[in-house]
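Undergrad: Here are the chains, one letter per residue:
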Amino acid sequence: MSEVTYLEAIREALFEEMDRDQNVFCLGEDIGAYGGAFKVTEGLMAKYGAERVIDTPISEAAIIGAAAGAAHMGMRPVCEMQFIDFISTGYDILTNYVATARYRAMLPCPMVVRGPSGGYVRGGPFHSQNPEAAFLHTPGLKMVYPATASDAKGLLKSAIRDEDCVLYFEHKYLYRRIKEELPGGDHLTPIGKARIAREGKDISIITYAATVWKSLEAAEQVEKEDGLSVEVLDLRTLLPMDDEAIIATVKKTNRVLIVHEDTRTGGVAGEITARINENAFEWLDAPILRVTAADVPLPYSPPLEDYVLPQTSDIVIALRRLAAY
Amino acid sequence: MRLTRSLEERLVNLYRQTKVVGGLFRSLGQEADAVGSAYALDRSKGDVLSPLIRNLGSMLVQGAKPTEIVKQYMAKGDSPTRGRELNIHYGDLVRGFVGQISHLGDMVPVMAGVTLSFKMRKQDRVGLVYVGDGATSTGAFHEGINFAAVQRCPLVVIVENNGYAYSTPLSKQTAARQLVDKAIGYGVVGERADGNDVIATYEVTKRAVDRARSGGGVTLIELMTYRRKGHAEHDNQSYVPAGEIDRWAAENDPIDRYVKRLLDEEFEESELASVDARVKEEIDRATDEAEASPMPDPRDALVGIYADPPEISPLWFREGIKSAVDVHERPSSWGTHDV
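Chains A and X, in that order, are what the protein sequence lines are.
Just so we're on the same page, the working numbering is the position in the first sequence counted from 1, plus 2.
Just so we're on the same page, the working numbering is the position in the second sequence counted from 1, plus 176.
Next comes chain A alone, as it looks inside the complex (with noise of 0.2 Å):
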């Protein structure tokens, strides 16, 4: 088999999924006959006509109020924001209507809501977000983030077929520059378990998306150069959140390091650790540190999105920090 680019794996997982149920449906911005922004929608609708791919208004709004109707209904929409910055528009409809529709009106939900995330591409402030700690705290809205094509295709599978509305965040950084050879078959990575990307036993970063690939270049640096032992954690999932793979790590280490790419007051990082203090204080050995952007909407020119965004020497300047604690 030949290697997949993380872009193509998203892209294998719709064709799939859309092959395997005539309910799953995809619908947004020019996702149809161009392919998307970023094609990953590219030969969709050549094979399933205009119907099942649709071409909508420039209507967050409208996509993610459209795809709650027709999920009461039992289709499986598929929205896509061209970039997920744009999410913010459709916000009110998905943490009021959508996250609640199942508990408040016992109308069902299964939906996906997809599209590019973050940074270190030079997007500027709104083609650079990283949105997940908008919706962390939004009861009945599950979130995945993955890392690696071989997960960007399992989760988006699963995401497709879970019962609820799954926001799907993929790294646009990530699109072309990873690929791998993709597990054979009905690949599914199940929602709402983490992956041990590296195994180690001084210290564990605990990360998800881009930051996985900088936080293993930093594991990899301080084992040769100070011979430390450092374990990364890859969520994956952020909505539900894998405690018991949080805890494992740290009693594993007992000290931890959070690393994420989304700024850093009220991220997921503060979550993370409010969850180790109530069920694992007693196993650290040092304090909890973050490596995270700035408090900075995200800037354009390359010196400053570098400077604002979490690098490798970062990581390794923390991991090294902890260490000697």
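All the given hints hold, so there is nothing to weed out.
Mimicking SDA-like on lysine to any residue, the simulated pairs with C-alpha atoms at most 25 Å apart in a straight line are:
1) K358/X with T91/A
2) K195/A with L491/X
3) K298/X with Q24/A
4) K295/X with G37/A
5) K295/X with M108/A
6) K253/A with P192/A
7) K221/X with Q24/A
8) K195/A with G480/X
9) K49/A with K295/X
10) K49/A with K298/X
11) K295/X with G76/A
12) K298/X with E18/A
13) K405/X with D429/X
14) K295/X with E31/A
15) K348/X with H279/X
16) K405/X with K456/X
17) K295/X with E18/A
18) K298/X with R54/A
19) K295/X with Q24/A
20) K49/A with M296/X
21) K295/X with Y36/A
22) K298/X with R163/A
Covered stretches of chain A, going by a simulated chain X footprint (3 or more residues, C-beta under 8 Å):
23) 45-59
24) 66-73
For the record, the hints were derived by calculation from the structure and aren't laboratory data.
Please read all numbers here as calculations on a predicted model, not as lab measurements.
Heads up, the beta-carbon is just placed ideally off N, CA and C, and yes, glycines get one too.
Based on these hints, arrange chain X on the given structure of chain A.
TA: Positioned in the frame of chain A, the structure of chain X alone reads:
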């Protein structure tokens, strides 16, 4: 219409006895537009509607039961939402209504999606969504009707123009001469009718439903009516010009108008009285049943947020569950506090 009005009057009594937990929303004076329009749907074909807060009448036509409504208002554990939501905010796909939320306008894109699914599956079904004059100012209304128009979804959008959105009169809501004019901008058929004439309401909606069912796409209907009570029961309507409410009550009550019409035709007073008696009996039964119903078990609050997991874990401080911060779970190497 009689059932709607009498049921709301009963709810007012219960509200005054503090048996209604939350607010109470009346549709006094608007019963005709709710009931007449809902009758235009075909329940045997599986048509679906999404009501607004003043569409109790539409829900009753669609199959909602008075006992469910009273239980909802009383926040009972065996109400349709098991105490999760208020008043007539609930849905039932079997009977064909989709529960609204408080964010006005949001149901338009949702119903665009419901009817999109009808079109995709080539089903012979139609959707009806109600909005008020106020909701036409929202982005969701615009996005939803525009999307449905482009997709030629079998959707009827009814704007119930009752003059006020909470305290805001139409003149502060829009500079449009009439709300039906908005249909032109969306490229859909627009019609306007007297919302206090139940037959006119039925007829205009029926035309739109037939159009939708035969592939003619979206219709925007403006129904002219008047909200005689406040936004909710607490609202003293101080913003309403003197005499306006009384004038509508005296001259343009939808039930009075329909009763007169029935008597002018072939109906006898006694037949109408028997309808009233049946309504009273049904409401009495609903009230008794709702009053006897239990309040929800508090722990049920944790059930049904997701399909999987079906229930979330209780917070440890609520349930006496020990947290992991417990002597026996400390690592053997840890600390000097034990012993």
